[in-house]
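Build out the structure end to end from the sequences listed, making use of the hints.
Residue numbers (this note's numbering), protein chains in the order written: chain Y, 1 to 338; chain R, 1 to 338.
Hint data in this document are derived by calculation from the structure and do not stem from the laboratory. Hints are not guaranteed to be accurate.
[To be verified] So the derived list for chain R, only partly shown, Cβ under 8 Å to chain Y, looks like this: (1) Tyr197; (2) Lys198; (3) Lys204; (4) Ile246; (5) Gly257; (6) Glu261; (7) Leu264; (8) Ser268; (9) Phe274; (10) Asp278.
[Claimed, not checked] In silico negatives: residues of chain Y with every beta carbon more than 12 Å from chain R: (11) Gly14; (12) Asn20; (13) Tyr66; (14) Gly88; (15) Leu118; (16) Pro212; (17) Gln245; (18) Val260; (19) Ser268; (20) Glu302; (21) Asn311.
Note that the Cβ used here is the ideal one computed from N, Cα and C, for glycine as well.
Protein chains: 2
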Amino acid sequence: MKTKRILLKSRPKGMPDESNFQLEEQELKGPENGELLLKALYISVDPYMRGRMSDAKSYVPPYELYKPITGGVVAEVLESRNDKYTTGDVVMGNLPWETYNISNGKGLTKVDPDVAPLSYHLGLLGMPGLTAYCGLLYIGDPKPGETVVVSGAAGAVGTVVGQIAKLKGCRVVGIAGSDDKIDFLTKELGFDEGINYKATDNIKEALEHACPDGVDVYFDNVGGPISDAVYSLLNKFARIAICGQIAYYNATSPPTGLRVEPILLKKSCLMKGFIVSDYADKFGDAAKDLVSWLREGKLQYEETITDGFENLPEAFLGLFKGENTGKQLVKVAEPSKK
Amino acid sequence: MKTKRILLKSRPKGMPDESNFQLEEQELKGPENGELLLKALYISVDPYMRGRMSDAKSYVPPYELYKPITGGVVAEVLESRNDKYTTGDVVMGNLPWETYNISNGKGLTKVDPDVAPLSYHLGLLGMPGLTAYCGLLYIGDPKPGETVVVSGAAGAVGTVVGQIAKLKGCRVVGIAGSDDKIDFLTKELGFDEGINYKATDNIKEALEHACPDGVDVYFDNVGGPISDAVYSLLNKFARIAICGQIAYYNATSPPTGLRVEPILLKKSCLMKGFIVSDYADKFGDAAKDLVSWLREGKLQYEETITDGFENLPEAFLGLFKGENTGKQLVKVAEPSKK
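And the structure:
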């Protein structure tokens with residue numbers, strides 16, 4: 001049996017392009033005892049993958065050259081020689097960019113096809129949704145009436161953070177990079193205020209206006225000068241969840257700038273970095289809540305689905321052009337049963 | 001009745017001196033209904049007071065010019081017109097530098113003279129001890145076998161932090177500014193390692209040697225380059241208690257330097273600023289533990305006591321010359337009963 005796969009051919013300098021990827025075919029053997037044969041249905045493309053394409057150290061290790069890119073995949077079990085799975089199961093996990101794949105089952109979770117569309121398990125009910133839920137609720141711990149600021153607000157994580165904060169009774173302010181995105185946040189998702197940082201001369205002043213009672217929770221996807229502006233408005237006992245620091249992902253030496261420590265001291269603030277896997281023991285609760293909110297119409301979820309395995313690099317590159325709305329995915333195949 | 005008092009006469013630039021203080025006498029009236037007449041027994045002098053003498057904003061408001069300095073005082077109730085106190089009670093609180101004082105009783109706590117020497121309530125059982133206990137245990141949360149690093153280790157707070165961390169079964173590394181202090185920490189207080197940062201060319205290398213398993217808890221009294229060196233050794237899920245940032249107390253603009261946020265993200269670390277009053281609801285438990293450890297000989301406590309109210313400025317200024325060992329206090333008067 002043959003599988004198509006997409007390798008990292010070279011490490012990008014600055015913006016990646018098609019030349020960094022290589023499509024090839026390979027003969028697949030197995031499954032052997034304990035293994036599964038998987039067919040990819042949906043594959044996720046996410047901004048954090050850009051970091052893994054460089055060999056700079058980050059919170060996840062870099063991709064290896066000439067090996068398949070890996071990431072979130074929803075797949076169907078075509079054949080099982082593993083007691084925990086049977087043919088026809090749908091699973092989700094961190095898997096290689098391959099149309100077919102042999103797995104030992106480790107790190108996979110079963111997906112209930114009746115809960116939500118299968119693709120949602122790569123977004124709202126997958127890594128971005130769980131990241132938003134766990135970072136906001138377990139670090140940010142927002143209380144009704146508090147002000148929550150989200151940077152990178154129009155992304156797959158930020159859109160969920162803001163909506164959950166609204167469900168918790170907070171005033172929610174989103175920071176993003178275009179007027180269309182701000183319109184989407186405030187008019188479609190119910191954010192109270194949005195700031196287009198690219199169209200604002202003085203982001204601190206814009207934030208002061210949007211946060212008349214200061215900032216109690218800051219969910220940070222970006223770092224840099226946007227964060228510095230938020231820091232100046234932190235209230236006593238504010239909580240800061242550090243989810244991403246995209247401002248520094250391409251830095252070649254340790255980044256310098258405003259020291260946050262004296263601010264944390266003065267205001268008794270908590271700051272915590274995290275990666276979603278830190279909260280693996282909470283995923284059950286988180287998924288239950290996210291599904292309920294989705295079914296009750298309390299959470300909106302947007303996705304852009306590109307068709308065809310070969311289009312993975314193009315879909316990934318599109319993330320950096322800001323053409324997609326909400327979560328960007330690639331559909332590889334239909335499930336066998338339906 | 002007359003009281004002596006010491007006012008802030010002028011704000012120091014750089015190192016304070018005697019000319020910043022003014023001693024005067026004043027007529028005292030009262031106590032009226034609900035008030036107490038207090039006689040100061042011991043008055044605390046602490047490094048943080050330097051910050052309050054400037055008008056730069058910090059985590060505590062600046063002292064007012066031509067008003068008495070305030071700080072930790074142990075005092076005896078000479079006369080009470082307040083139901084909660086009777087003549088002969090000993091109390092502790094944040095009080096003005098005055099030999100006699102009228103108080104409405106707010107913010108005072110009663111001191112049990114049988115628990116420990118009265119002066120201990122300004123150190124081990126007072127603000128510095130409670131700061132060490134609450135910051136280390138409620139933020140640092142040290143586990144047996146973990147490595148705890150303390151900066152400003154030979155001070156009234158740092159000495160207690162290190163000893164409690166040892167009681168919790170940790171490897172303890174103290175950073176201080178003289179070989180005598182390092183000897184005191186390692187030979188008298190049981191610290192595993194000490195680093196004299198003034199005698200070390202490469203503090204990062206010295207720390208790597210002292211912390212072969214990395215750093216799990218960092219109790220920070222200083223900030224600046226010492227902290228940067230510690231950050232490079234943080235383990236996954238490390239906790240950092242920001243207690244003081246003396247490196248920046250005299251800064252005239254927001255301090256810049258290494259960004260800690262990407263490090264917190266990469267290692268899923270928690271950083272929390274605090275002031276001891278944040279943990280007021282824990283003081284009961286904390287004092288109970290500190291007293292038990294003291295009685296069982298598990299905690300050592302050193303103090304330097306200067307005699308005479310008039311010598312308060314001199315004792316305070318001595319803190320910055322590093323002449324005292326352990327907690328520096330001034331004894332103002334003997335208790336009436338004994």
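Which earlier hints can't be squared with this structure? 1, 2, 3, 4, 17, 18 and 19
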